[in-house]
Amino acid sequence: MNKKILTATLFYLAIVLIIIPILFPFVWMLMSSFKTQVDIISWPPRFVFTPVMRNYDRVFVEQDFLHYMKNSIIVSVVAVMCSLALGLPAAYSIARYKQKKLSVFILVARLMPGISFLMPWYIVFSRMRLMDSYIALILSHMLIALPLVVWVMSPYFDAVPRELEEAGMVDGLTQQSAFLKILLPLSGPGVVTATTLSFIFSWNNFMFSQVLSQQKTRTLPIAVYNFLSYVEVDWGAVMAAAVVIMAPAIVLTMFFQKYVIKGLTTGAVKG
Amino acid sequence: MEKTHYRWMLVPTLLFLVLFIYVPVVRGGVMAFQHYNLFDLSTLRFNGVGNFISVITDKHISFAQILLNTAVWLIGSLTFQFILGFALALLLRKPFAGRGLYTAFVFYGWALSGFAIGLTWAWLFNGQAGLVNDLLIRLGVLDQPIGFLSNPRLAMMSVIIPNIWYGVPFFGIMLLAALQSVPNELYEAATLDGAATVRKFISVTVPYVKPTIVSTILLRTMWIVNFPDLIYAMTNGGPVNRTNILATQMINKVFKEYDYGQGSAIAVIIMLLLFVYAVLYLRIVEDSKEELL
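For the record, the sequence lines run as chains A and B.
For the first sequence, the residue numbers in this note's numbering are 1 to 271.
For the second sequence, the residue numbers in this note's numbering are 1 to 293.
Hints should not be assumed to be uniformly reliable.
[To be verified] Label-pair restraints from in silico Cβ distances:
no., chain 1, residue 1, chain 2, residue 2, range
1, B, Tyr187, A, Val38, 22 to 30 angstroms
2, A, Thr174, B, Val276, 26 to 34 angstroms
3, A, Leu186, B, Tyr187, 32 to 40 angstroms
4, A, Val38, B, Gly127, 36 to 44 angstroms
5, B, Leu142, A, Val108, 42 to 50 angstroms
6, A, Thr174, B, Phe105, 26 to 34 angstroms
7, A, Val108, B, Gln128, 40 to 48 angstroms
8, A, Pro44, B, Gly48, 56 to 64 angstroms
9, B, Val26, A, Arg162, 34 to 42 angstroms
10, A, Ser177, B, Val276, 45 to 53 angstroms
11, B, Val18, A, Met81, 15 to 23 angstroms
[Said to hold, decoys possible] When the alpha-carbon atoms are kept at most 30 angstroms apart in a straight line, the in silico DSBU-like pairs for lysine-lysine are as follows:
no., chain 1, residue 1, chain 2, residue 2
12, B, Lys94, B, Lys256
13, A, Lys3, B, Lys256
14, A, Lys262, B, Lys210
15, A, Lys100, A, Lys181
16, A, Lys4, B, Lys256
17, A, Lys70, A, Lys216
What the hints contain is simulated information worked out from the structure, not anything from laboratory work.
All of these numbers come straight from a predicted model, not from anything done at the bench.
Heads up, the beta-carbon is just placed ideally off N, CA and C, and yes, glycines get one too.
Please work from the sequences and hints to get the whole structure.
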């Protein structure tokens, strides 16, 4: 019996020790974002201090981060919606017709190093005078979202018995409306998963926006990158900016935790 | 007739990917054999393997150094991501009070922006007022603060650590799901046969989750090699190219030198290396191939 208690104690000690290095960088970032210029550079670092909003003021008032946040939201939301419109029927087709070769074709597309196709993109879009337009950015972010939607959704569609659609088609539905009215509502959790995951990966993307956006359409991470070069030493403001980038993704994963974890495991690797 | 109905639904996606990924990749491949400098387009011409030669024999930046950096970055990150992720998954396999919430917190890192994580760790490793310095001085490891990111001998380690931190959740999530799908009967049977814990791990657990291990390692390799965001945020390839990997060097060629030809040549090299790696890797672990495709 004593051995059991000892094992349990060691186990809980282990999980407490493990969580510290995992959570601490985030906690320290959050703390730093509320420090004054003096507190932030004090040595040794201060754990107790009077929190101030100064860094967030800098980020939102002086740097107009709301504008970049709006850009990020527009690009991610539209890219995800367009990807669902294209990707859901594609996933359905792969699930029903077992087109494994084609799904590999889609996976390979996802694994291409981004910058290898971004150079031609840059040249074509600047020739079409579409640089610094939302169109170029949304199309590029669809390259992240679309393969994800297809990979996450096809196992979900696969799991719905074919008989259900066939019954609907006997009742006079066309195949397309059977898909829309019967299959899609049954795959609700899958759609939530695909939407959340592709939104997060699009939101976090750095490279595409770095190449294809300029002042007007700059997304959040790029805005921070540019802001970085002229406030080099103002770590408080940089940490506030990092918090602003991370916050939406954290809120989403906390809300949709169950779906997201399942999606990462079922959809991300296997077809 | 029915098959054609299903098929057309795939067409828009395929067209999109062909048009926006495959065509540009081929165009980039062609560019690798062209002299293509954005600042001086009048010199645009085919120059054979000239770009590859320029990249490999670059006098300012040793290509061997970049390859070595890429290998260290990959192997260092991947090994520890895998070991720690697997250990975490094993620890979390059995139910305990608060496991759901705990799992959520342990694995939250995957959802964060790599660039923002890079900024956070750059601040932690800061040479003047960074917390890591403070911690190491308190522990008696250091006498005074050091510049982790500016010291050529420490810089690579200092970008690999955040990358491990960032990648552990991916392995953890995948392996935890695989572990939870191991049928309990297998463990019971092994227990009846008198197998000890270690024996059960080697004979039951590992073979069962092997396909997940194989595919996750392959996918993570591609990710790590093509993931410059962290390095970009922390060191930008420096100091003296010690953290400059193929992916960051490609970006430098494009953004600093505007040399699209040489940039594309590096992209082709990366894709070739990854292709060879994938083929060799899958051949070595032959029996798992079915599972991945």
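Hint-by-hint comparison with the structure:
{"no.": "1", "hint": "Tyr187/B / Val38/A: 22 to 30 angstroms", "result": "violated, 58 angstroms"}
{"no.": "2", "hint": "Thr174/A / Val276/B: 26 to 34 angstroms", "result": "violated, 47 angstroms"}
{"no.": "3", "hint": "Leu186/A / Tyr187/B: 32 to 40 angstroms", "result": "holds, 34 angstroms"}
{"no.": "4", "hint": "Val38/A / Gly127/B: 36 to 44 angstroms", "result": "violated, 19 angstroms"}
{"no.": "5", "hint": "Leu142/B / Val108/A: 42 to 50 angstroms", "result": "holds, 46 angstroms"}
{"no.": "6", "hint": "Thr174/A / Phe105/B: 26 to 34 angstroms", "result": "violated, 47 angstroms"}
{"no.": "7", "hint": "Val108/A / Gln128/B: 40 to 48 angstroms", "result": "holds, 45 angstroms"}
{"no.": "8", "hint": "Pro44/A / Gly48/B: 56 to 64 angstroms", "result": "holds, 59 angstroms"}
{"no.": "9", "hint": "Val26/B / Arg162/A: 34 to 42 angstroms", "result": "holds, 38 angstroms"}
{"no.": "10", "hint": "Ser177/A / Val276/B: 45 to 53 angstroms", "result": "holds, 48 angstroms"}
{"no.": "11", "hint": "Val18/B / Met81/A: 15 to 23 angstroms", "result": "holds, 22 angstroms"}
{"no.": "12", "hint": "Lys94/B / Lys256/B", "result": "violated, 51 angstroms"}
{"no.": "13", "hint": "Lys3/A / Lys256/B", "result": "violated, 62 angstroms"}
{"no.": "14", "hint": "Lys262/A / Lys210/B", "result": "holds, 19 angstroms"}
{"no.": "15", "hint": "Lys100/A / Lys181/A", "result": "holds, 26 angstroms"}
{"no.": "16", "hint": "Lys4/A / Lys256/B", "result": "violated, 61 angstroms"}
{"no.": "17", "hint": "Lys70/A / Lys216/A", "result": "holds, 11 angstroms"}
When the structure is compared with the earlier hints, violations turn up for hints 1, 2, 4, 6, 12, 13, 16 and for no others.
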